[in-house]
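Asks: Same order as they appear, the protein sequences are chains E and U. Reading the first sequence from the start, the letters are residues 1 to 726 in this note's numbering. Reading the second sequence from the start, the letters are residues 727 to 967 in this note's numbering.
Please note: incorrect hints may appear among the correct ones.
If you want the footprint, here are the derived chain U segments under chain E, 3+ residues with CB under 8 Å [what the hints assert, rightly or not]:
1. 771-782
2. 862-869
3. 891-899
FYI, nobody ran anything at the bench for these hints, they're computed from the structure. Virtual Cβ for every residue (Gly too), placed ideally from N, Cα, C.
Listed below, chain by chain, are the residues.
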Amino acid sequence: MTASDESLCRHCLLPVGRRALQQTVNGESCAFCCYGCSIAFQVKNGKTEEWEAAWLLIRLGVGGFLSMNIMLFSLLIYGGVFTGADARLLPFIDILLLVLATPAVVILGGPFLRETLVEGARGRLTASALIVLGVGAAYIYSTLAVIEGNAQVYFDTATMVLMLFTLGRYLEAAGRARAARDLEPLLAAERENVVVVENGTEIRRPVREVVAGTLVRVRPGERIAVDGVIIEGSSHADEAVITGESRPVEKGLGSAVIAGSINMEGLLLIRSSGSGTATRWAQICRSVRDALMRRSPIQRLADRAVGAAVPGVLLLGGLTVTYWAQWLPLDRAMLMGVAVLVVACPCAVGLAAPLATSIGIGRLARRGCLIRDAGALEALASVRLLAFDKTGTLTLGKARVVAIETTGVATADVLALAAGLERHSEHGLGHAVVSEAADRGVEFVPAHDVRAVPGRGIVGHVDGGTVAAGNLAFMRDLRFPVASGLAERGRRAEASGHSVIYVGWGDQTHAVISLDDAPVPEARVTIGALRARGLRMVVLTGDLAPAAHRVAAGLGIVDVRAGLTPEDKRIALDWHRKSRDLVAMVGDGLNDGLVLVEADVGIAVGTATDLARETASVVLPVGGLWLLPWIIDVARAVGTTVRTNLLWAFGYNLVALTLAASGMLQPIIAAAVMAGSSILVVLNSLRLERLPDPVPPQFLERPSDAETSRGGVGLPVALGPAIERG
Amino acid sequence: MTYYLVVFAAGFAGSFHCLGMCGGFACGLGRDPRGRGATILRHLLYNSGRLTTYCFVGALAGALGQIVCTRQGTTFLLLDGSLDAAERILAIVAGLLMIAMALQFFGVLHVFHRLAVGFGSSTFAMSLRSLLTTRSRTAPLAFGVLNGFLPCPLVYAFAAEAASTSQTLPGFLTMASFGLGTFPAMLAMGGVGRVLAPTWRQRGVWLAGSCILLLGLITLSRGLLPLDAHMSHGLLGGHPA
Chain E
1 MTASDESLCR HCLLPVGRRA LQQTVNGESC AFCCYGCSIA FQVKNGKTEE
51 WEAAWLLIRL GVGGFLSMNI MLFSLLIYGG VFTGADARLL PFIDILLLVL
101 ATPAVVILGG PFLRETLVEG ARGRLTASAL IVLGVGAAYI YSTLAVIEGN
151 AQVYFDTATM VLMLFTLGRY LEAAGRARAA RDLEPLLAAE RENVVVVENG
201 TEIRRPVREV VAGTLVRVRP GERIAVDGVI IEGSSHADEA VITGESRPVE
251 KGLGSAVIAG SINMEGLLLI RSSGSGTATR WAQICRSVRD ALMRRSPIQR
301 LADRAVGAAV PGVLLLGGLT VTYWAQWLPL DRAMLMGVAV LVVACPCAVG
351 LAAPLATSIG IGRLARRGCL IRDAGALEAL ASVRLLAFDK TGTLTLGKAR
401 VVAIETTGVA TADVLALAAG LERHSEHGLG HAVVSEAADR GVEFVPAHDV
451 RAVPGRGIVG HVDGGTVAAG NLAFMRDLRF PVASGLAERG RRAEASGHSV
501 IYVGWGDQTH AVISLDDAPV PEARVTIGAL RARGLRMVVL TGDLAPAAHR
551 VAAGLGIVDV RAGLTPEDKR IALDWHRKSR DLVAMVGDGL NDGLVLVEAD
601 VGIAVGTATD LARETASVVL PVGGLWLLPW IIDVARAVGT TVRTNLLWAF
651 GYNLVALTLA ASGMLQPIIA AAVMAGSSIL VVLNSLRLER LPDPVPPQFL
701 ERPSDAETSR GGVGLPVALG PAIERG
Chain U
727 MTYYLVVFAA GFAGSFHCLG MCGGFACGLG RDPRGRGATI LRHLLYNSGR
777 LTTYCFVGAL AGALGQIVCT RQGTTFLLLD GSLDAAERIL AIVAGLLMIA
827 MALQFFGVLH VFHRLAVGFG SSTFAMSLRS LLTTRSRTAP LAFGVLNGFL
877 PCPLVYAFAA EAASTSQTLP GFLTMASFGL GTFPAMLAMG GVGRVLAPTW
927 RQRGVWLAGS CILLLGLITL SRGLLPLDAH MSHGLLGGHP A
């Protein structure tokens, strides 16, 4: 499947696939995934003056008028009204029915016929072909019967099947639009307009024209579409889309606001801090759009089944007619064949997975949790083991220096050289060293040719000499000898669970810096909640065993594997995968890139990185570890819904097919149950909307605290993403 | 025959109640610039559309009633002994619905009205309005057909009544009489184009309530009285069974 034939249906936001229906509504070209969506969208959004929207309703109304009249007369015939003396009226009524049915079939069947022909020209058989064939057979047979003066006609079957299918598709699409309601604001970033204030006048402009410094007016209740600073007014903002917390955040003069949040009550004037398309919200929107367009494995399977079903059903229909024609008159046999064709329309199967998945993705995205493809959501539902990275995930990753042991050199020199190296580092421990040096007022010694060695440390040059900071192994790699006393002190610090950085220069290791890290406040509650969901948890960390054990024990995780390189982590994951099929890895998304990709589901927590470069398939908002149990709940609910949907759709089709092939189902009833089947799938999926929202742990309830401790949500902050070096 | 006349009267009187919503639609159809004949045609098309829907619903309800109470197909739905019971239950349900509707017309119950208004203002109804302004000659017909499906307590009541007749033809005739009953007021709305004085509307609503109450009581008695079920039909001349 190429990218060019993939986009989202304008109405229900499901992928349109290869069978896109292009239509112009309100002067805008829109793609729809099906006929039903095209109807529902036009009925809802078509402007009065718009000829097409009105024409569609007129067609439906006139089609309804004709088919209801046909059904009315047919019901009277079946009710035995035209018997006895009135039987002579029957031929005239049949002619009347023909007169009514012909335009009805043309009006209502047109879209189905067009789809069949278009797809047929491309060599594909679709569900519409089944309807066209069934209805066509009933109509042509009845027309011939009228010409021959035969009493038995089936115009009611032909028109009611079309009417019911049209109605069913309309209702189904209307239901799907409800599911799309949740997603709509998440896809709005690209289409959003903002009120720009220029020379005192307010002009509506597309958000993509916003640049740094643009003044944007936001009214109460509106969504803030740009990142920026408030320069006039005050209000509260709902930042759930970015942070996952729906608690309003107070905003005053000078407060930073995040694109995607909702301005609650005040009129604001905001100075944009960047381009309108570079916001995290815009990235989220693009990511959600991508996720919706990707088909999950189960969906591809269902699609293949649908593709294979159509020829199979045609065959079965033919066999049914041939079989019954041996015992019954041809018209009765044909009616049974029509019932088979009509009842086997696999619309519900095709709808089962994508609808539930997109509702799930929408639910999660509204709380700032991004799912990058539908398959990840599916896999997450059946994950049995969660592997956690420690630093930056279970701990704040915000280490601070607690001790500096030296071989006699001045601590200030150690800090000056180490900070000169570490300010080039993205590492959490590195930041701690830099801020410690800054706090003590130590001037950095600038280093050049700085190079980070993942899992080891960082190395550079100062005045021709090599300077390095990293773990013990790194010192050995560089052949920097470590004095036994220093090594012993380092070991002791590590034994008590501290992180240590050895600092060496001049071919000698001179100092060891001890650092400490604290667990994320919500980690304990989260781990408990995950355990209650029957998940097993392990910690895979590059940190040394004592620190890892200290943190893990505090959180109640027994299984800890420490001192791992990224490659080791990958091997550990593989090992776990052998015993427990699906394994998810929770990391900070920056330095676990490789492992997150390798895991069945990579979950990145708390990164403020560019989403486009993100390797994890699930991305939680900054400080969003507490959302993990809820995400598992949603994924499982989606999984259950997809399975029940598929079971229902397949089971229903099989039972109905059997009944129809054995001649126990009238085509009209068959069309009604078939339309009902899709609607039931929609209703079953819509139950996902009633899932409870996540409840933040008690200690997150304190206002402003979360905000400050997390350094302003969503904005690129140095929250200590760490490369473990041991 | 008398039975259908009562239904007609209920439809006629009840249509004063309808003027609120459907009357607005009829007014909206307005006059056709192509002349008086075209205007009349517009309104006739609109009303025949509505009538078609009502008749269809009636026949369908009657047929469904017939299936439930069928005398031949006893094997698949009901045992022999409960045949009469099914008819009675249907009559009781329909009768109670009618009485509830009548009480609502007298201002005692409000459930159905809320239900209807809730649906009536839905997007479907809103988008239907777009048909009113379309120049197409067939638009009024389509509008009438779809309008007929808009939820309305009166239609529910008579659909229930149609089902309780448990035959296609009487079901059809019940709804047809009701639909024809609503014709004069709706046509007048289109022609006159202004709302009737509130006192007259109120009287109409009361009259409709009385007719519906009477029909409801008769239907209910068909289900409850241990007498011959056809007595009540005899009372009003009966419908052709």
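Asks: If a hint holds in the structure, say so; if it doesn't, say that too.
Replies: Now for the hints, and whether the structure bears them out:
1. With 5 residues having a Cβ less than 8 Å from any Cβ of chain E, the stretch 771-782 of chain U passes the three-residue criterion, so the hint holds.
2. Counting residues of the stretch 862-869 of chain U whose C-beta sits closer than 8 Å to any C-beta of chain E gives 6, which meets the bar of three, so the coverage hint holds.
3. Counting residues of the stretch 891-899 of chain U whose C-beta lies closer than 8 Å to any C-beta of chain E gives 4; at least three are required, and the coverage claim holds.
Of the numbered hints given earlier, the model fails none.
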